[in-house]
Amino acid sequence: MYTQLEKTAENVLKLLNEKGRNIVGERSMNSPRAIGDAVQEFLSEKGGLKKCFPKSFLKSFESGFERRSMEDMAFYDKKDNYYAVDCKTHNLNTVFNMPNLISVRRLANFYKNDKNTFCVLIVEYEVKDKIIDYIRCYFYPIEAFDWECLTLGALGWGQIQIANANNIKIDEKIDRKSWMLKLCEFIEGFYDEEIYKIGERKQWFNEIKEFWNNK
1152 MYTQLEKTAE NVLKLLNEKG RNIVGERSMN SPRAIGDAVQ EFLSEKGGLK KCFPKSFLKS
1212 FESGFERRSM EDMAFYDKKD NYYAVDCKTH NLNTVFNMPN LISVRRLANF YKNDKNTFCV
1272 LIVEYEVKDK IIDYIRCYFY PIEAFDWECL TLGALGWGQI QIANANNIKI DEKIDRKSWM
1332 LKLCEFIEGF YDEEIYKIGE RKQWFNEIKE FWNNK
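Just so we're aligned: 1284 in this note's numbering is position 133 of the sequence shown, and the numbers increase by one with no gaps anywhere.
Treat the hints as calculated values from the structure; they're not laboratory data.
Even for Gly, the Cβ is constructed at its ideal location relative to N, Cα and C.
It is possible that some hints are incorrect.
To be verified - The calculated SDA-like cross-link candidates involving lysine to any residue, where the alpha carbons are at most 25 Å apart (straight line), are:
no.: 1; residue 1: Lys1320; residue 2: Ile1338
no.: 2; residue 1: Lys1266; residue 2: Asp1297
no.: 3; residue 1: Lys1210; residue 2: Asn1267
no.: 4; residue 1: Lys1239; residue 2: Trp1308
no.: 5; residue 1: Lys1202; residue 2: Gln1155
no.: 6; residue 1: Lys1333; residue 2: Tyr1347
no.: 7; residue 1: Lys1360; residue 2: Ile1349
no.: 8; residue 1: Lys1333; residue 2: Pro1250
no.: 9; residue 1: Lys1202; residue 2: Arg1287
no.: 10; residue 1: Lys1158; residue 2: Arg1172
no.: 11; residue 1: Lys1158; residue 2: Asn1317
no.: 12; residue 1: Lys1266; residue 2: Met1331
no.: 13; residue 1: Lys1239; residue 2: Lys1324
no.: 14; residue 1: Lys1281; residue 2: Leu1166
To be verified - Cβ-Cβ distance ranges computed for the label pairs, FRET-style:
no.: 15; residue 1: Glu1358; residue 2: Asp1326; range: 45 to 53 Å
no.: 16; residue 1: Lys1320; residue 2: Arg1184; range: 23 to 31 Å
no.: 17; residue 1: Asn1173; residue 2: Glu1339; range: 42 to 50 Å
no.: 18; residue 1: Ile1325; residue 2: Ser1207; range: 24 to 32 Å
no.: 19; residue 1: Asn1365; residue 2: Tyr1342; range: 28 to 36 Å
no.: 20; residue 1: Asp1343; residue 2: Asp1280; range: 47 to 55 Å
no.: 21; residue 1: Tyr1342; residue 2: Lys1320; range: 18 to 26 Å
no.: 22; residue 1: Met1331; residue 2: Glu1177; range: 41 to 49 Å
Whole structure, please, built from the sequences with the hints as guidance.
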């Protein structure tokens, strides 16, 4: 799987540099959101990603998911494994970005089925002379992202995030079970910290309540 995804990433980078350098107008060149939306549309609605897979790997390709879906695109391989794809773009000229990937609860439920894989496709680029120059493309299952470059955000049950998009670390040797157990360890510590924070907030508002009761 890793070999096929890495080959696909190479083809994505080549395709974008050949046909996607003027994917937005001049006014939108300084808008990461506009470029991100345009790249996603190029790869999904126009079938760009579908063309980049090794022919021996891909069975079917899907796009057109709702914005609240965890996947922007999806595909089945020849063994009927399902891959949900989250597409991200990163402007290398920016100092710091912390993109959200997926809810911990949604991923935990999704990974109860061994045939499911949640993939992250990251396209890194720079804008030079009003043209987009695509520099690098990552295409890996989320469990290939080392926990040293990930963090958890306090949204809902918890949101897996890339701590800093300028520092991505990939580890292809770790298996899904080990990665998910590490996630559970992080979640336990994260929830303990959130409970402590909530306790502090409750205490603070108890003091506010007492203030108003005595006023």
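Verification of the supplied hints:
Only pairs whose Cα atoms come within 25 Å are accepted, and Lys1320 paired with Ile1338 is accepted, the gap being roughly 20 Å. Between Lys1266 and Asp1297, the direct Cα distance comes to roughly 22 Å. Compliance with the 25 Å bound is thereby established for this hinted pair. Between Lys1210 and Asn1267 the CA atoms are separated by roughly 15 Å; this keeps the pair inside 25 Å, and the hint holds. For the given pair, Lys1239 sits about 22 Å from Trp1308 by alpha-carbon distance, which is consistent with the 25 Å threshold.
Distance check on the hinted pair: Lys1202 and Gln1155 sit about 13 Å apart at the alpha-carbon level, within 25 Å; holds. Of the supplied pair hints, the one linking Lys1333 and Tyr1347 holds, its CA atoms being roughly 22 Å apart against a limit of 25 Å. Distance restraint check for Lys1360 and Ile1349: the Cα-Cα separation of roughly 16 Å lies within the 25 Å cut-off, and the hinted pair is therefore satisfied. For the suggested pair Lys1333 and Pro1250, the alpha carbons sit about 20 Å apart, so the restraint of at most 25 Å is met.
For the proposed pair Lys1202 and Arg1287, the alpha carbon gap of about 18 Å is at most 25 Å, so the pair holds. For the suggested pair Lys1158 and Arg1172, the alpha carbons sit about 21 Å apart, so the restraint of at most 25 Å is met. About 22 Å separates the Cα atoms of Lys1158 and Asn1317, which keeps this hinted pair within 25 Å; it holds. For a cut-off of 25 Å, the pair hint linking Lys1266 to Met1331 stands: about 15 Å separates their Cα positions.
The suggested pairing of Lys1239 with Lys1324 holds, with an alpha-carbon distance near 23 Å, which does not exceed 25 Å. The straight-line distance between the Cα atoms of Lys1281 and Leu1166 is roughly 19 Å, inside the 25 Å bound, and the hint therefore holds. Distance hint check: the CB atoms of Glu1358 and Asp1326 are about 49 Å apart, consistent with the given range 45 to 53 Å. Range check, Lys1320 to Arg1184: about 26 Å between beta-carbon atoms, so the 23 to 31 Å window is met.
Separated by about 48 Å at the C-beta atoms, Asn1173 and Glu1339 satisfy the suggested range of 42 to 50 Å. Separated by about 26 Å at the C-beta atoms, Ile1325 and Ser1207 satisfy the suggested range of 24 to 32 Å. For Asn1365 and Tyr1342, the Cβ-Cβ distance of about 35 Å falls inside the hinted range of 28 to 36 Å, so the restraint holds. Judged by the Cβ atoms, the range 47 to 55 Å given for Asp1343 and Asp1280 holds: they are separated by roughly 50 Å.
The supplied range of 18 to 26 Å is met by Tyr1342 and Lys1320, whose beta-carbon atoms lie about 25 Å from each other. Hint check: Met1331 to Glu1177, Cβ distance near 45 Å, so the stated range 41 to 49 Å holds.
Taken one by one, the earlier hints all hold for this structure without exception.
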